[in-house]
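Could you build all of it, start to finish, from the sequences and the hints given here?
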Amino acid sequence: MASCSPLLLLVLCTLTVAEAQLKLFNLRASNLPSGILGTTDGYVKVFCGSVTLGETSVRNNNPNPWWEEEFTHFNARKNDVMRLEVHDSDILFDDLLGVCQRQIKLGTHKHDCFLEKGGTLHYTYSLG
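When you line the sequence shown up against mature numbering (1 follows the signal peptide of the UniProt record, and there is no 0), it's residues -20 to -1, 1 to 108, in that order.
If you are wondering where the hints come from, they were derived from the structure by calculation, not from laboratory data.
One thing to keep in mind: the hints can contain errors.
Unchecked claim - Derived lysine-lysine pairs resembling BS3-like cross-links, with alpha carbons at most 27 Å apart: (1) K90 x K58; (2) K3 x K25; (3) K97 x K25; (4) K25 x K90; (5) K58 x K85; (6) K25 x K85; (7) K90 x K3; (8) K25 x K58; (9) K3 x K85; (10) K58 x K3.
Written out as structure tokens, the structure reads:
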């Protein structure tokens, strides 16, 4: 029995740090607020842990944008924090409309996130 302990420990350690593929898709927003310069020019920045996964294109003059981009992170782990920042693109500086954060879990999940300055971000992710 004692000879199995190191092997069992190795297997358990491997399972707890196993990495999986994160895929974020079906990003859309509804009822984004209008600013001083008019209707929102929205885009989303995507992070997982300390890694920047990228950002969507800007959807000009659209309070209900939908983004075609999909984001993949091959070194994600269960319970990593995924952060989505919704911005309004402007000439001088971009306004942060809200931040959505969540610990990722195995499987496929759909979420709605209510933004601090109004509107809702809808998205789907899978981890596996």
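For each hint, the structure was consulted:
no., hint, in the structure
1, K90 x K58, "16 Å, holds"
2, K3 x K25, "14 Å, holds"
3, K97 x K25, "16 Å, holds"
4, K25 x K90, "18 Å, holds"
5, K58 x K85, "5 Å, holds"
6, K25 x K85, "20 Å, holds"
7, K90 x K3, "12 Å, holds"
8, K25 x K58, "21 Å, holds"
9, K3 x K85, "12 Å, holds"
10, K58 x K3, "13 Å, holds"
In summary, this structure violates none of the numbered hints.
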